[in-house]
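As a plain string of letters, each chain reads:
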Amino acid sequence: MLNPIEIEALKLSGFIAIVAISISIIPGIIIAWIISRKKGTISSLLNMIVYLPLVLPPVVIGYLLLLLFSHNGIIGNFLLEYFNISINFSWKGAAVAAAVVSFPLLVRSIKLGFDTFDYKIEEAAYINGASKLDCFISITLPQILPSIITGITLAFARCLAEFGATITFVSNIPGETQTLPLALYTATQIPGTEESAIRLVIISIILAFISVAIAEILAKRTNKRILGYKH
Amino acid sequence: MNKNLIKYKSILGNFKSNINLSFSDSNIIAITGLSGSGKSTIAKVICGLVKPKTGHIIINNKILYCSTNNINLPPHLRNIGMVFQEPRLFSHMSVKNNLLYGQRRNALFDQKKFNKIIKILGIEKILDRNIFNLSGGEAQRISIGRALLSEPKILILDEPLTGLDTPRQNKIMKIIKEINKKMAVPILFISHSIDEIIFIAEKIIIIENGKAVAQGSIEEIISYKKLSYFNSGNTSYSLIKGIIRQHNKDNLSTIIDVDGIELVTKYISDKTNTHQIIKLYSKDVSIATNIPKNISINNILETKIKKIKITKQTGTVEIHLRLGKQEIISEITLFSLQKLKLKVNMKVYALVKAISIVGK
Numbered sequence: 004m005l006n007p008i009e010i011e012a013l014k015l016s017g018f019i020a021i022v023a024i025s026i027s028i029i030p031g032i033i034i035a036w037i038i039s040r041k042k043g044t045i046s047s048l049l050n051m052i053v054y055l056p057l058v059l060p061p062v063v064i065g066y067l068l069l070l071l072f073s074h075n076g077i078i079g080n081f082l083l084e085y086f087n088i089s090i091n092f093s094w095k096g097a098a099v100a101a102a103v104v105s106f107p108l109l110v111r112s113i114k115l116g117f118d119t120f121d122y123k124i125e126e127a128a129y130i131n132g133a134s135k136l137d138c139f140i141s142i143t144l145p146q147i148l149p150s151i152i153t154g155i156t157l158a159f160a161r162c163l164a165e166f167g168a169t170i171t172f173v174s175n176i177p178g179e180t181q182t183l184p185l186a187l188y189t190a191t192q193i194p195g196t197e198e199s200a201i202r203l204v205i206i207s208i209i210l211a212f213i214s215v216a217i218a219e220i221l222a223k224r225t226n227k228r229i230l231g232y233k234h
Numbered sequence: 075m076n077k078n079l080i081k082y083k084s085i086l087g088n089f090k091s092n093i094n095l096s097f098s099d100s101n102i103i104a105i106t107g108l109s110g111s112g113k114s115t116i117a118k119v120i121c122g123l124v125k126p127k128t129g130h131i132i133i134n135n136k137i138l139y140c141s142t143n144n145i146n147l148p149p150h151l152r153n154i155g156m157v158f159q160e161p162r163l164f165s166h167m168s169v170k171n172n173l174l175y176g177q178r179r180n181a182l183f184d185q186k187k188f189n190k191i192i193k194i195l196g197i198e199k200i201l202d203r204n205i206f207n208l209s210g211g212e213a214q215r216i217s218i219g220r221a222l223l224s225e226p227k228i229l230i231l232d233e234p235l236t237g238l239d240t241p242r243q244n245k246i247m248k249i250i251k252e253i254n255k256k257m258a259v260p261i262l263f264i265s266h267s268i269d270e271i272i273f274i275a276e277k278i279i280i281i282e283n284g285k286a287v288a289q290g291s292i293e294e295i296i297s298y299k300k301l302s303y304f305n306s307g308n309t310s311y312s313l314i315k316g317i318i319r320q321h322n323k324d325n326l327s328t329i330i331d332v333d334g335i336e337l338v339t340k341y342i343s344d345k346t347n348t349h350q351i352i353k354l355y356s357k358d359v360s361i362a363t364n365i366p367k368n369i370s371i372n373n374i375l376e377t378k379i380k381k382i383k384i385t386k387q388t389g390t391v392e393i394h395l396r397l398g399k400q401e402i403i404s405e406i407t408l409f410s411l412q413k414l415k416l417k418v419n420m421k422v423y424a425l426v427k428a429i430s431i432v433g434k
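In order, the protein sequences belong to chains A and B. Residue numbers for the first sequence, in this note's numbering: 4 to 234. Residue numbers for the second sequence, in this note's numbering: 75 to 434.
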C-alpha cells in the first residue's frame, strides 16, 4: 500500500510533532499564565512576540531559525560549544521548527483557559493551606485541563501541517527531516509519482480528521468531568 | 487565654478602614453593617488576601501581620478557616477530596474528628458525590466542613447564607451554633441580616464606613439607631426588648411586656418571664390621633412623637415614637402627616399590625 519512503515520512511526522509538543508544553503554560495574569509592558511585549509565528510567513521563521541555530548563530554556537549538539539539517531542527510555528496555538488556547478561570477558587485553596505553587498544580492546572488539551491537539495538528519553516531551516532529507508535507512536495515535483502524491494527500486528510476528532472527544470528556456540562 | 486582636488601617481606592477589635473567648462574634461598610474587608485582611497599610493582626496568640516588625504571613500559613458567600468548591475533585484538601495540608488525618464534623454537618451520605450534583445548601455545608477540617484557629463566615432559601438558612444557622459548641473554635460571622446575627451571635460589632461604631451583646446594641436600616431591600424596622408575661391558650396569644406596656402577639412557645427581642417593621406601624374602634388591630399603644424625619424624594415620613424607655418607628406618607397635622411631642396612638420575635 504505502512505500517505505511514505511510511518513513508518516512515522517521522508523528515523532517530530510529539517531540515538538513535549518541549513547548511547559514554556507554553508558563507564558500563557504570564500573559493572562500579569499586566504590564513585559507581558504585552511577550504577548506580541508569542503570536508572531502565527502571522509571519513560515519561510521567515525558517530563515530566522537558520540564522540563530547555524554554527555561527547565537544559539547554535552555544549549543555546539557547551553541549556538542547541532540541530541543523536533523530531525531535532524539524522539531524546533514545528514547536515554534505551533507555539501560538498552544499558548492561545491555554491563555483562554486562564482568562476564564475563576481565581476566587485559588483564594479558597490558599486559605486552606496551599502555597501558590501547590495551588497552581493541585487546583489551577486541573481546572484549566480542557484548555490545555485543546491547545495540545491544535498544536499537534499544526506540527503535522508544518512545511515552510521546516524546508527552509532543515531542508528536505528523507528519513531525517522529510515529514508528510515535505514528502508530498517531493512527489509533486518528480514526474511519475502522482500515485504516491495522492496517497500522501489521503493520509494527510485522515490524520487531520483523526486529530480533530480526538480533540473533540477529549474536550467533551474533560469538560463534563471538570466543568460539569457537555460541550 | 487565647488572645485575638485585629487592629489595622487600610486604604482601598477611596475607601478607608480603621478597625480595632479584640476578643478572647471562643464565642460567635457577628460583624454587621450595610453593604459597602467594609465588613468583608475585615475577613480578607485576617486571611491575608488584602494587606493593610499599618496595624497588627493576632489570632490565637499568633502574629499574622505586624507593620512595625514587617511580619506578613501568606494566607496558607495563617490557619484560618474561611467560608465565602459562594461555596468555592474544587469542581475537579470529589466531595471527600474537597473536605480533605485543607486537612491534608495542615494536620494528620484524624478519623474521629472527620466523623464528628461530617455528622454535625449532616453530609455522611454525599461524600462520594460529584460537586455538580450538590444543592446550594449541601455545597455550603461542604465548604464549612473543608474549612473546619483544616484545623483553623478561627472560623470566618462571610455572608454564608446569602442565596439560600429560608429552611436551608435555618438549618445552617443551627449547624454553626453546634459547631461553636462542639468544636471550641471562635467564629466570626459576617452578615447584613439582623435576624441571622440575633439568632447566632453572642457579641455583635457594627461596622460603618470602615469603622466599628458599636459593639456589645444584642441587648447592648439594640438601641443603636442605624441598626434599623441594616437590611436588604431598604425596609426599616425597629428592635425592642420585652419579657413574656402571660400565655393564653384559648385564643393562642401571648402577652409581652415592653417597659410596662403590654403587646399582644400570636402564641410563642417560650416560657413566661423570658426575654424576647421583637422586630417591628416601620410599615406595620400606623398612627391615629384618637383610639379607633371596631378594628382588627390588637395593639393600640398610647405614645408620644419623639422625632419626625421626612424624605422628600419618596414622600415618606418616619415618625419616631416613645415606647417606654425604647423607641419604635412608624412609616407613613407625607400626605398622612399633613392630614393628621402631626408634631413632635404630640400624643398619638400607634397601631401595630404585626410583631415578629427574632430572638431571646
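By construction, these hints were calculated from the structure, which means they are not laboratory data. Quick caveat, the model's predicted, so the values are computed rather than measured. Errors might be hidden in some of the hints.
For lysine-lysine, the following DSS-like pairs were computed, each having C-alpha atoms within a straight-line distance of at most 27 Å [stated by the list, open to error]:
# : chain 1 : residue 1 : chain 2 : residue 2
1 : A       : K41       : B       : K170
2 : A       : K41       : B       : K285
3 : A       : K123      : B       : K380
4 : B       : K285      : A       : K123
5 : A       : K123      : B       : K118
6 : A       : K135      : B       : K125
Which chain B residues face chain A? A few, computed with CB under 10 Å, are given here [to be verified]:
#  : residue
7  : E160
8  : F164
9  : H166
10 : N180
11 : N204
12 : S217
13 : A221
14 : T385
15 : G389
Here chain B is said to cover these stretches of chain A; the calculated rule only asks that three of the stretch's residues, wherever they fall, bring their Cβ under 8 Å from a Cβ of chain B [unchecked claim]:
#  : region
16 : 45-54
17 : 125-134
Ideal Cβ placement from N, Cα and C applies to all residues, glycine included.
Status of each hint after checking the structure:
Distance hint between A/K41 and B/K170 is unfulfilled; the C-alpha atoms sit about 34 Å from each other, more than 27 Å. For the proposed pair A/K41 and B/K285, the alpha carbon gap of about 33 Å is over 27 Å, so the pair is violated. A C-alpha spacing of about 48 Å is found between A/K123 and B/K380, which places the hinted pair above 27 Å, so the restraint is violated. Distance check on the hinted pair: B/K285 and A/K123 sit about 26 Å apart at the alpha-carbon level, within 27 Å; holds.
Using a Cα cut-off of 27 Å, the hinted pair A/K123 and B/K118 holds, with the two alpha carbons roughly 12 Å apart. At most 27 Å may separate the alpha-carbon atoms for a hinted pair to count; A/K135 and B/K125 meet this at roughly 17 Å. A hinted interface residue such as B/E160 counts as satisfied when its beta carbon comes closer than 10 Å to some beta carbon of chain A; here the least separation is about 7 Å, so the hint holds. With a cut of 10 Å, the hint placing B/F164 at the interface with chain A holds, because the nearest CB-to-CB distance is about 6 Å.
Interface hint status for B/H166: upheld, as the beta-carbon distance to the closest one in chain A is roughly 4 Å, under 10 Å. At about 5 Å, the closest approach between the beta carbon of B/N180 and any beta carbon in chain A falls short of 10 Å, and the interface hint on this residue holds. Here the hint on B/N204 is kept, as its CB sits about 8 Å from the closest CB of chain A, short of 10 Å. Annotation: B/S217 was flagged as interfacial toward chain A, and the flag holds, the nearest CB pair being 8 Å apart, inside 10 Å.
Among the interface hints, the one on B/A221 holds; its C-beta lies about 7 Å from the nearest C-beta in chain A, closer than the 10 Å criterion. Taking 10 Å as the C-beta cut-off, the interface hint given for B/T385 is violated, the closest approach to chain A being about 37 Å. The beta carbon of B/G389 comes no nearer than 42 Å to any beta carbon in chain A, farther than 10 Å, and the hint placing it at the interface is violated. Against chain B, the region 45-54 of chain A contributes 0 residues with a C-beta closer than 8 Å to a partner C-beta. That does not satisfy the three-residue criterion, and the hint is violated.
Note: the region 125-134 of chain A has 9 residues with beta-carbon separation from chain B under 8 Å; the three-residue rule is met and the coverage holds.
The structure is inconsistent with the numbered hints 1, 2, 3, 14, 15 and 16, although it conforms to all the rest.
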